[in-house]
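Participant: In case you want the letters, here they are:
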Amino acid sequence: MSARRLRAIVRRVIVEIRRDRPSLALLFIAPIIVTGLLTFILRDTSSPDVRIAIASAGSGPAAGLMTRQLSSALTGAGMTVTEAATPDDARSAVRDGTATVAIVLPANLAGGKDAQIALVTKGLDPAGDGAQIQAVSSAILGSLASSLGAVLPTVTHETVYGTPSSDPMAPFAPAIVAFFLYFFVYLLTGVSFLRERTGGTLERLMATPVTRGEIVTGYTLGFGFFAMLQVAVLLCWALGAVHVPAIGPLPAFSLGLGIAVAGSPLLAFVVVLLLALGAVSLGIFLSTFARTELQVIQFIPVVLVPQFLLSGVLFSVDNLPSVLQPLVHVMPLAYAVDALREIFIRGADLSVGAVQIDVAMLAVIAVLFAAVASRTIRRDVV
Amino acid sequence: MMNSVSPSPSPAAPDAGEPAIRAVGLVKRFGSVIAVDGMTFDLVPGRIFGLLGPNGSGKTTLIRLLTGMTRATEGTAQVLGVRMPDRANLARIGYMTQGDGVYPSLTVAENAQFFAAAYGVRDAGQVEDALRLVDLADRAKTIAGTLSGGQRRRLSLACALVHRPPVLFLDEPTVGVDPLLRVQFWGHFRRLADAGTTIVVSSHVMDEADRCDELLFVRAGRVIARGSGAALRDESGTDNLEAAFLRFAGETEAVA
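If you read the sequences in order, they're chains A and B.
So the number in my numbering is just where the residue sits in the first sequence, counting from 1, plus 28.
So the number in my numbering is just where the residue sits in the second sequence, counting from 1, plus 17.
No lab work stands behind these hints: they were computed from the structure.
Hints may be right or wrong, so weigh each one.
Capping the alpha-carbon separation at 25 Å, the derived lysine to any residue pairs in SDA-like fashion look like this [to be verified]:
#	chain 1	residue 1	chain 2	residue 2
1	B	K158	B	P121
2	B	K158	A	Q323
3	B	K158	B	G116
4	B	K158	A	R40
5	B	K158	A	L233
6	B	K158	B	V194
7	B	K158	B	F131
8	B	K158	A	V380
9	B	K158	A	R223
10	B	K158	B	G137
11	B	K158	B	E145
12	B	K158	A	C264
13	B	K158	B	S122
14	B	K158	B	R207
15	B	K158	B	A141
Residues on chain A that point at chain B, a partial pick, calculated with CB under 10 Å [to be verified]:
#	residue
16	P196
17	L230
18	R232
19	A235
20	T239
21	A274
For clarity, every value in this text was computed on a predicted model and none was experimentally measured.
For each residue, glycine too, the CB sits at the ideal point set by N, CA and C.
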């Protein structure tokens, strides 16, 4: 090994990377952004805004007294509490969103372990529900310990939509399908548009009467076609469960994730497709700032990972630090994840306000990004 | 070798007397760098004009100004009487860029068809004609990425003239092209010009220059001399264009 040659190689590598300013900057900025965001989310997640509707299955003065005692304890813990006339009223308060948790007290609250206090949440946001349940149940048990002594009732968790923990994958499947689609469509468009810019074909194309709008729309429809195929295959995989019987030594198995979908798979398809169209424009837009394919990939931690963290895929959007909340509203992935959960778990259709807002926002973001992307295709810049 | 397919008459050839291309006080600055430093000229239709000058003298920037690919800092560029940049006018202009600018994963025919569509050509026969003109008709189904350098250059030329433009800009069309093919290229250019096409060819190779009807010597963003090869040789009192260029360059230096 010649020290002289070795030194030449090391020096060349260092010089090359030093001249690639964007890569160099991202080398430090990307991990700082991602770890900073993650720390912020994990450390400063605001305590959930708990709004309780409380009702007792029992009647009579004893039940009323217990309800009032618990209410004041929960209010003292900083939660908003309203008393509902019946357990059904409390549940519907959760369904229409006036309450985040319904507490249904049993008739025999002093009955020890057999007594069950039901905590009811909506069931669309597993991470958010978990935080609510944890806060409420510890407040309840703390308050009851002083009045009931050692024999505490059991606290159970119910959800208005779906069943809690019956399929832990159910709330994540739609979010992950959306994320991967966004990711791959961005990567595919970003790289191929970069090739168009660096390969001289964009300059050539700009020397024809083709308009920028035609280019962006053409790309969107062309890649939209493949996005459509990808979504179709992914949805079939996630929702399907084809049972393959045992053949010879092979045991029986089932093909597909078999995730239950309460709503229309077609609507889910439309939502994901809108997301994909926005991703095409994002790819075109970011390819302006990239000189090489490596740089397109380096945008992932800066552009896609924050979306993953802030769009409710893993962490509840509602509990994110309030400083980060405004960011959520500009992230297309957040709208897609929300809409897909409404459709998958709640069985929502287009008549539901939340889905209408999500779909409208996805469409607006897709159009807005297409406009921005077409501004980056300038005859001058090529 | 090359089939002599004569291009059909240009669709919108300008009236005789009207210049096909006109530059008036054309200036292009990039920050503090002046790429084109005040060029004024008229180019009549149906002739081959050679832009001759060293690398970095402003030839490509001039072509980009004339095709409207970039905006002039000062002055105006007109092609066929229309002030550039003008998107619609691009349908009457062919531009062969310095790079090949073809899609490597498409076939030869697909590339030509794509650019034909971009130029608004409806007649499929024009794609065949263009490929025949550059002798690639039998390679129509070959993937462009697997072509040799010279073949890719020919495909690039086919894509630039598939819409039979009355004005054709060729930026260093013969770079990397072997001598035999170079002769064929010039044969095409001559046939196109005879049919009425105005051709502007940039080059830094002086031995190609005599094939042009008229030469514009370009240096440091200015046209330092203009005329036929013979006239420029006479004027400078030399017997070759290289020496003539240096003579004119020296004179401008002395003036500046």
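Participant: Each hint should be assessed against the structure and marked as holding or not.
Facilitator: Checked hints:
1. The hinted pair formed by K158/B and P121/B meets the criterion: a straight-line CA distance of about 13 Å does not exceed 25 Å.
2. Annotation: proposed proximity of K158/B to Q323/A is violated, straight-line Cα distance about 34 Å (limit 25 Å).
3. For the suggested pair K158/B and G116/B, the alpha carbons sit about 22 Å apart, so the restraint of at most 25 Å is met.
4. For the proposed pair K158/B and R40/A, the alpha carbon gap of about 42 Å is over 25 Å, so the pair is violated.
5. Straight-line distance between C-alpha atoms of K158/B and L233/A comes to about 22 Å, which keeps the hinted pair within the 25 Å bound.
6. Straight-line distance between C-alpha atoms of K158/B and V194/B comes to about 22 Å, which keeps the hinted pair within the 25 Å bound.
7. Taking the CA atoms of K158/B and F131/B, the gap is near 14 Å; set against the 25 Å cutoff, the hint holds.
8. Restraint check for K158/B and V380/A: the C-alpha separation of about 53 Å exceeds 25 Å, so the hint is violated.
9. For the given pair, K158/B sits about 22 Å from R223/A by alpha-carbon distance, which is consistent with the 25 Å threshold.
10. This hinted pair checks out: K158/B and G137/B have alpha carbons roughly 22 Å apart, not beyond 25 Å.
11. Restraint check for K158/B and E145/B: the C-alpha separation of about 12 Å stays at or below 25 Å, so the hint holds.
12. Distance check on the hinted pair: K158/B and C264/A sit about 37 Å apart at the alpha-carbon level, beyond 25 Å; violated.
13. Pair hint K158/B plus S122/B holds up; C-alpha atoms about 11 Å apart against a cutoff of 25 Å.
14. For the hint linking K158/B to R207/B, the alpha-carbon distance of about 28 Å lies beyond 25 Å, and the restraint is violated.
15. Restraint check for K158/B and A141/B: the C-alpha separation of about 15 Å stays at or below 25 Å, so the hint holds.
16. Because the beta carbon of P196/A sits about 43 Å from the nearest beta carbon in chain B, more than 10 Å, this interface hint is broken.
17. Given the 10 Å rule on beta carbons, the hint for L230/A holds: about 8 Å separates it from the nearest Cβ of chain B.
18. Here the hint on R232/A is kept, as its CB sits about 4 Å from the closest CB of chain B, short of 10 Å.
19. The beta carbon of A235/A is positioned within 10 Å of a beta carbon in chain B (closest approach about 4 Å), and the interface hint is therefore held.
20. Given hint, T239/A at the interface with chain B, holds; its Cβ is 7 Å from that chain's nearest Cβ, closer than 10 Å.
21. Checking A274/A against chain B: minimum C-beta separation of about 44 Å lies over 10 Å; hint violated.
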